[in-house]
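Participant: Following the hints, put chain B in place on chain A, whose structure we already have.
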Amino acid sequence: MAATFHGVGATVAALSSSSSSSSSSSPSNSFGSKILLSSPSRSFSVRKRASFTMVRSEGSMNFDLNFKGRRAQQLIANAVATKADSSPASSSSKPGHELLLFEALREGLEEEMERDPRVCVMGEDVGHYGGSYKVTKGLATKFGDLRVLDTPIAENSFTGMGIGAAMTGLRPVVEGMNMGFLLLAFNQISNNCGMLHYTSGGQFTIPIVIRGPGGVGRQLGAEHSQRLESYFQSIPGIQMVACSTPYNAKGLMKAAIRSENPVILFEHVLLYNLKERIPDEDYICNLEEAEMVRPGEHVTILTYSRMRYHVMQAAKTLVNKGYDPEVIDIRSLKPFDLYTIGNSVKKTHRVLIVEECMRTGGIGASLIAAITENFNDYLDAPIMCLSSQDVPTPYAGTLEEWTVVQPAQIVAAVEQLCQ
Amino acid sequence: MSLSHHHLNTNILPTLSATIPTPFPLVFSAPIVSFLSFIFYSPLSLPSSPPIFSPFPSSLPTRKKMATAFSPSKFAAQPFPLNTTSQNNPLTIPTTASPFLGSTRKLIRLSSSSNLNIRRRSGTVVAVSDVVKENKSKSTLNLLITKEEGLELYEDMVLGRAFEDMCAQMYYRGKMFGFVHLYNGQEAISTGFIKLLKQQDSVVSTYRDHVHALSKGVSARAVMSELFGKTTGCCRGQGGSMHMFSREHNVLGGFAFIGEGIPVATGAAFTSKYKREVLKEADCDHVTLAFFGDGTCNNGQFFECLNMAALWKLPIVFVVENNLWAIGMSHLRATSDPQIYKKGPAFGMPGVHVNGMDVLKVREVAKEAIGRARRGEGPTLVECETYRFRGHSLADPDELRDPAEKAHYAARDPITALKKYLIENSLASEADLKAIDKKIDEVVEEAVEFADESPVPPRSQLLENVFADPKGFGIGPDGQYRCEDPKFTEGTAQV
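Note that the protein sequences, when read in sequence, are chains A and B.
Sequential numbering of the first sequence, starting at 1, is according to UniProt numbering.
Sequential numbering of the second sequence, starting at 1, is according to UniProt numbering.
The following block holds chain A by itself, in its conformation from the complex (with noise of 0.2 Å):
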């Protein structure tokens, strides 16, 4: 059964009805900009006329993100007639309850704050607004003014004040309405949050939790689509995560909310529709651990975030072609899972990283050379890394498609790797 995806901008979908208000867009299709006069910029509820067939995850997502490829659109069709079914079948028979993902992170935070009453949120327009993307809508509600915080838009300051709040007692959860915003809050969260609990020689703890969508999406011009991944991931003292799927992003929302350490969670703005079925019961998704996606005997490929769809995309290319890929999603962006990721080395001998990340100093630099310090000794070929290109990105669909790694570079690189 195939659910339809409303395009990138569904969480303002209920409020934007029809494809053609691009010009009378609310003021909530401004979320994410600065600018609170809503401006006849374009609206995501242009992209409602492609609809797009979803099939539920275990790991194997495909949709595409680009509704211009016809030839994408193809590959998806593929997917489709795959896995249709087995999907009515197990929608029924399989218990748990399907979401979105960012449902599941308000359902992951939600539970958090009502297990926990000192766990609290602070950011731009989570209360009244419920969350430039939804994540924190009702929360206001029903937990309070005080405990889902409007901060006015000063993001060094409030993130400063979330540390102040962790270090005497609470729990706080800081959300940068978009990820590039925290770059305001660099001097804090590098400052304070990663060094304060060894300056004060273990004294103060500061539990915190810093969030919010980050990522490259669909043409909001380079100061939106930014991958601060690799900018933090040299501080010392913070963890950072990357969900991918509903199952871990509230497995992830809920163990970075129950650590004592300061954890930086990154979203990704185009995944925040994706539906899947997750279990009923409580649980978290250990904050350390690598996920394995696909298991396989010919190369590895790692991934994390929005990279893991057009890896699984890639995979369905390459399965056909023959190639075996194993595919891990990282997902702990720091520190690495060298356990996962060092048995699937030994195992295939091959690695490609595919990432969204800018080349240089990105998280896969890193990786790199963490494999080939660990691991040399298991490689047969030189690891290979797809990452995004060191520009700013660009508006033009057509060059940020080209920003990013698209399936058949993926593809191209995998045959390469294995020759």
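Hints are not guaranteed to be accurate.
Some chain B residues judged to face chain A by a derived CB distance under 7 Å, without partners named [stated by the list, open to error]:
1. R236
2. H243
3. G267
4. F270
5. F467
6. G474
7. P477
8. P486
Note that these hints are calculated values from the structure, not bench results.
None of these values were measured; they are calculated from a predicted model.
For every residue, glycine included, the Cβ atom is placed at its ideal position computed from N, Cα and C.
Facilitator: Below, chain B alone, put in the same frame as chain A:
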């Protein structure tokens, strides 16, 4: 509560009347007086809206009425202010006559003393003998402090001074390194404010934090060991001079970058409000004090936090230690409107200016500001005019500041002033104070000995405390968490 007028006025110019016995001896030469008057005095322009509070009620002979939201009852009946001449209620408005750009060298010569005399004459004129008689008969009512309090304040300030002097000695002997910023001259602010706090109240400071930690209750030994980098230091030797923390005494640091601590203080105040309103700990009235300097008041974090604190009425007091210099940058050269206290009302909170060399005045203002915060009325911005007798840090040659300026403030040493007050008001004898001096010397000596004898941190301490949960170091290639690796606890593992 209407927030339309939040002007608070404080007379920072000490009285010129050397003949009339006053609590604090103030020695001036005319150019220095004019220097101050130039910055802080405007003879005629008064605010259009009355200030919100003053520790002294409107019975003072001032030019304007003051609406008081608070008046300490023990002063209500007093017809004369403690400082007898007209301008000396702590809350008159100082405003600059005109903006000034340039070094203070020019400042001193600029303003004319004739202006000053005119202002001085506009207040009440009393005969010297009458005032002396009044003071003596009202001495028991006039006093701001009891003997115990006076001795406590004296001891705290002397501890701060002696400790910092010892720090300088130790630094030049090579016992401590790096950037060390000393607090000499500013003790009145630390003592005046922090001695009013409870243990659960929090203090957030900057790199000039030794004395804040000491006033809050951290032992001299712990601070000295920390400076020496020993493992018995309050932060296990991992923080150093600029990062003094104490969980037990709620000292939340010690921050090296200016302005960095202000949001943290705002967060601590937020927790206090949260505990009261969400966690329903009804009696939680913890107050946070954020100390920072004049240079910080041009920083974005300062303004952002003023906004948030006033918006949510957080129980915090922002204390500006305006010592006029940010390393070598004069406050007047860096700030468009040098009167920092005026920035409070812009955000909807009272702004007070107080003479930061006078511990009793600071204490009075602090009582009100902390009281406001405790009652849930919101934040206050207190600007304390003060001075650091030494350079910015021990590495600063301090060549830029005018010797005349330094001499002027050296004459207003807060410790000498308090000593004089205690003796003149028969609160303590010379012998009492000398005994305290001696006791503090011993405390500081003992602290140095303790620090000298303490061990340096072992290698195993290197990787501790990076994470509260050391699982944050991740899973190693062997499948085990790295923190379980024995090399880890030895500090020899590579991360």
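Participant: Against each hint, give a clear statement of whether it holds in the structure.
Facilitator: Here is what the structure says about each hint:
no. : hint : in the structure
1   : R236 : holds, 4 Å
2   : H243 : holds, 4 Å
3   : G267 : holds, 2 Å
4   : F270 : holds, 5 Å
5   : F467 : holds, 5 Å
6   : G474 : holds, 3 Å
7   : P477 : holds, 4 Å
8   : P486 : violated, 18 Å
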